[in-house]
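Trainee: Those protein sequence lines, which keep their order, are chains A and B.
Heads up, the first sequence is in the numbering used here, so the first residue is 1 and it goes up one at a time.
Heads up, the second sequence is in the numbering used here, so the first residue is 1 and it goes up one at a time.
Do not take every clue at face value.
Label pairs and their computed distance ranges (CB to CB) [claimed, not checked]:
| # | chain 1 | residue 1 | chain 2 | residue 2 | range |
| --- | --- | --- | --- | --- | --- |
| 1 | B | His161 | A | Lys564 | 48 to 54 Å |
| 2 | B | Phe51 | A | Lys524 | 29 to 35 Å |
| 3 | B | Leu143 | A | Ala45 | 49 to 55 Å |
| 4 | A | Phe623 | B | Ser198 | 57 to 63 Å |
| 5 | A | Phe105 | B | Glu166 | 40 to 46 Å |
| 6 | B | Asp60 | A | Gly405 | 50 to 56 Å |
| 7 | A | Ala45 | B | Ser198 | 30 to 36 Å |
| 8 | A | Val515 | B | Ile204 | 35 to 41 Å |
Facing chain A, from chain B, some residues (calculated, C-beta under 8 Å) [stated by the list, open to error]:
| # | residue |
| --- | --- |
| 9 | His83 |
| 10 | Lys87 |
| 11 | Ile169 |
Treat the hints as calculated values from the structure; they're not laboratory data.
Keep in mind that this is a model prediction, so the values were computed, not measured.
Ideal placement from N, C-alpha and C gives every residue a C-beta, glycine not left out.
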Amino acid sequence: MKQFKLRIAAVIFCGLAAIVAAVAGCSAKKEIGGFGDAASKVYVAPGSYDELYAFMSGGFSGQVSVYGLPSGRLFKVIPVFSQDPEKGYGYSEETKPMLMTSHGFIPWDDAHHAQLSRTNDSLDGKWLFINGNNTPRVARIDLTTFETDEIIEIPNSGGNHGSPFITPNTEYVVASTRFSVPIPQKDVPISSYKENFKGSISFIKVDPTTGHMKLAFQILVPGIDYDLSRAGKGPSYGWSFFTSYNSEQENTLLEVNASKNDKDFVAAVNWKLAEELVAQGKGTVMPCNYMHNFLDEARIAKSESIKQVTVLNAKGFPGLIYYLPTPKSPHGCDVDPSGEYIVAGGKLAALVAVHSFTKMQKAIENKEFDGELDGVPILKYESVLAGEVQNPGLGPLHTEFDGKGYGYTSMFLSSEITKWKIGTWEVVDRIPVYYSIGHLMIPGGDTRNPYGKYVVALNKITKDRYLPTGPELCQAGQLIDITGDKMKMLLDFPLIGEPHYAQAIPASLLMDKSVRWYSIDENKNPYKVKSEAETGIKREGNTVHVKVSTIRTHFAPDNIEGIKVGDKVYFHVTNLEQDWDAPHGFAVMGNNNSELLVMPGETRTIVWEPKKSGVYPFYCTDFCSALHQEMSGYIRVSN
Amino acid sequence: MEYVNSIIKMKGEDSAVLSRSERTALVQSSLNLTSRILIILAALALSATYFLPLWTISLDAPQYPEGLGIEIWINQMQGQNPHDLNKINNLNHYIGMKKIIPEAIPELKIMPWVMRGVLLLGLAVGILGMRKLLMIWLIVFLLVAIAGFVDFYLWGYDYGHNLDLEHAIIKVPGMSYQPPLIGNRKLLNFTATSLPGSGGWVAIGSFLTGLGLCVYEIRRHRKVAVNE
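Work the whole structure out from these sequences, hints included.
Mentor: Spelled out as structure tokens, the structure:
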């Protein structure tokens, strides 16, 4: 009996202990912020791979950064529009021409919108395009090398914001001018905006095999501010849509003056028609001046100056472009996976307007116009509207789609993402983000096949989210799970520069294609060496060419004599390694230039102009092997 | 059977009947049809050694997750992956090892001929169907294999021991870098693993087929002798 009682007591005690443990467990979970199993959803174990590559625009850093999702780990910063002394990008002779423009060499730009190439409106993993907003440019990054292969300047443009949103088969990369300017440029009073300023929308043809870009034609459009864009697909294939603001055509105090009109426009551009008109020779050839820079087959950047462009004036070609009235200075312009709906977030509107492509076509057919702007017909709002998402939050900007019938719109002012249902336009969920979200990104969320597992919020302001770092704080991404009915916050991670738009792609589409090294046998650089025996010094007047080779763990030659003060010395460094992850660096003491970081099998050239006699060490900057410290040499400079 | 028939022919068309002892001797010394076909196949299989590596030496180290190694073929030596040989030569320069230059290895020029001889002899065994010839083939095959291993050992010994210590960057007293003949051995940060390659396995299979058939034939002949 006594034993029985003891047993009961033991059972009760154990039960109580279990309850206490469970309660303690719950409260412990609460203490880490109530994120439940978020940690396990973003944890990528050491040695394991992420599910997705994410390409984040660097904004004012001018670069693109490559992150892994869901971990938020940074893999690489790809230099695009900005010089990068770490890699010698924009400093080496082989890469300097990449940053040439009609204004000369520009070491920086503002990189905004990442766009992955696509076939049949699905990501194909060939290239990444990104726009330079300040000095209008579009860059193409090769996704086997993760290097910038090409940059084309856009003439007749004043700020390339609505770019490089591409058509479903990467036929065209678009570039619309954010700021209208006199076209062609001329010295006029700024107040003559309405009279002299024009906008342009450029269509850059992309070669389907090489990716090479060529400015096919430009459409001259009424002078307002063109903002963002998306191409149509499915039923709307052949059209591209551009949001615009400042339909007031003001030139000063825009925050007030350009916010007067109740509605601005989404411009619908029939690029298929434009293509036909150009093919029929209806375009006019206009003189201009822009640069086209690309890596040639020797992987050396070449710049070509182009002096003309084919132009179509929207005024003269009915049917080429229509304006769809859209509430309050619309910013984001997004097309749903079916291609039927065009969603435009009015920055200052208390709703998100959704236009119907079918209704737009009917309205055009029935000539349901509401006036025109500089010869471009304005359709009636009610005639093109599919619906309005009511009370989505404040400051709706951009919309992405999950492929399951929902749209997700970023709300800049109320710092949240709002999920709404396509068709009924009802808000079904919302989640706060920290803080002031700009773009948002669902991998493939702008294609017909979204990878609807995550949405990434790209936030402008972080304030108290991270350890403070003085006045300048990072901007950040937030990873949100969208697999369930309710969005779930998973992860915060800081980003480089300002993330504008980003794109992500399943890792399986890229990882196996990634280049490990360049074949030394295919190195076509005229100053390459294939072995140490070919290295050496050659003088041509005051110019000295030094062919240097690197292999673990020495330079050849490593004692360089015969250089004189006043010489211009070109170091052509060939990395003879044919091994994975075996770059070598090259740095000369006192060189007013960057280092070189030379990939295996590659030749890169840096210039040095020594000013004083003496002996100068040089060394390998990339820890390459056990005897990396010994990988060095001397250069003697004589008077 | 051709062998028996040819003996019959030699004895003349008319005398088709052999004495009992002659018959026994003939059957005892000849292989049955299945054995002969299998031996021909085993011999022909050796031609695979011209398309597949005979032997592999893999070098494993943490910083080479993609693998690194050498393949020894009948007439060449090459990396398991492109450029592996260069990488290995480059690594070997730290320890003062000679460069592996396949063109300078005479065995790679001799081995194809030796293998051709073994292959043809095997075919002859199958065609002629002589039991003794089968035994000779197996002995030749074995001797070739032993010679190969001895040569491989000496080659490995030479590379692993005759180091240029004057120019070697890494000198570990008493350390040699001979790869194992077969199996694993730790060589500084690398684990060297020496194993037959796919061509080597084919050759082993070919030899074992011959050996198995030889055992089978000897047993069969004993039975025939007892029955007779």
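Trainee: Now, for every hint given, state plainly whether the structure supports it.
Mentor: A quick look at each hint next to the structure:
1. B:His161 <-> A:Lys564: 48 to 54 Å: For B:His161 and A:Lys564 the Cβ distance comes to about 50 Å; the hint holds.
2. B:Phe51 <-> A:Lys524: 29 to 35 Å: holds (34 Å)
3. B:Leu143 <-> A:Ala45: 49 to 55 Å: Distance hint for B:Leu143, A:Ala45 holds at roughly 53 Å.
4. A:Phe623 <-> B:Ser198: 57 to 63 Å: violated (38 Å)
5. A:Phe105 <-> B:Glu166: 40 to 46 Å: Check failed, 51 Å falls outside 40 to 46 Å.
6. B:Asp60 <-> A:Gly405: 50 to 56 Å: Since B:Asp60 and A:Gly405 have Cβ atoms about 51 Å apart, the given range 50 to 56 Å holds.
7. A:Ala45 <-> B:Ser198: 30 to 36 Å: At 34 Å between Cβs, range holds.
8. A:Val515 <-> B:Ile204: 35 to 41 Å: At roughly 39 Å between Cβ atoms, B:Ile204 and A:Val515 fall inside 35 to 41 Å, so the hint holds.
9. His83: holds (4 Å)
10. Lys87: At about 5 Å, which falls below the 8 Å cut-off, the nearest Cβ of chain A leaves the hint on B:Lys87 intact, so it holds.
11. Ile169: holds (6 Å)
Going down the numbered hints, you'll see the structure goes against 4 and 5, while the others check out.
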